[in-house]
Amino acid sequence: MFEAIAFYLFAFLTIAMFSIAVLTSQALHAMTALAAGMIFISAFFFLLGADFIGVVQIIVYTGAVMALYAFGMMFFDTTRGVKEKNANSMIVFGLSGLAALMVVIIFVAPIVSENISAFYPVNEAVGNTQDVGMVLFTKYLVPFELAAVMLLVAMIAGIILAGKKMDHSLTQMSEEEIELMRESNKKAQL
Amino acid sequence: MEITLNHYLVLSTILFAIGLVGVMRRKNLLMLFFATEILLNAVNISFVAISHYYGDLTGQMFAFFVIAIAASEVAVGLGLLVVWFKRTNNIDLDAMTSMRG
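For the protein sequence lines, the chains are A and B, in the order given.
Counting from 1, one number per residue, gives the positions in the first sequence under the working numbering.
Counting from 1001, one number per residue, gives the positions in the second sequence under the working numbering.
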């Protein structure tokens, strides 16, 4: 009973938050709504007994990804409203409905038709985190290491891309120096 | 009232549809990134739900790797976006048609 109440409550909250994130014209509202939706999604993971993924969801998505977005948004002009495409909205909504229907069929068809047996069954004797760790470090060790290398590459790429010209600190320059730098940048672009 | 696998799959589909609406509706690239995050999260829910209802840990492994990939995608994507914003002063999709195709 509690499971049902929790499921419907969090389902409603998640759908509402993600709708706000998609439909609002304010970038800051979209970001905060998305962060809230991420936390509500971790509630589903706890309901499903996947404690480890739930904690990872909170730490990685709300802690790292949304913080990264928040810092990234300081570079952009987020105060003005976001202009949208003026495409025919009926076509857009019809297309998305059709695509979602396709996804349902793709997901449900093999589950309904086949009797799936567990590949790596859940070990009831130990907790979820220990279980995940044992499968991750025995059966999925190579993908795990590849993911680690990929994250390292992404980190270096992010630093190199965003860190260009960061040796000029805007906060420690005087107004005239900033103006001079802007002028020289404009000339360099022309 | 028992919550079954289909409940979670339907919820995941609704969230995926919301993400698709966002992808089709948005012109600002930052907002497009937000919509992609919604898509990835919707898929994660169905992975973990299937993992729970079939007593199989593979789904949770996949959700874990999806989260890792999403994190690195954000790092590289935001870096590129910052560079693009420094060069052109806007991050709209329509401003990127430099090839005149």
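Rather than coming from a laboratory, the hints here were simulated on the basis of the structure.
Careful: at least some of the hints might be erroneous.
Once the Cα atoms are required to be at most 27 Å apart in a straight line, the calculated DSS-like pairs of lysine-lysine come out as [said to hold, decoys possible]:
#1 B:Lys1086 <-> B:Lys1027
#2 B:Lys1027 <-> A:Lys139
#3 B:Lys1086 <-> A:Lys187
Computed from the model, here is a short list of chain B residues facing chain A with C-beta under 7 Å [unchecked claim]:
#4 Leu1015
#5 Thr1036
#6 Ala1049
#7 Ala1063
#8 Val1066
#9 Ala1075
#10 Val1076
#11 Leu1080
#12 Ala1095
#13 Thr1097
For each residue, glycine too, the CB sits at the ideal point set by N, CA and C.
Those earlier numbered hints the structure runs against, lowest number first: 2, 5, 8, 12 and 13
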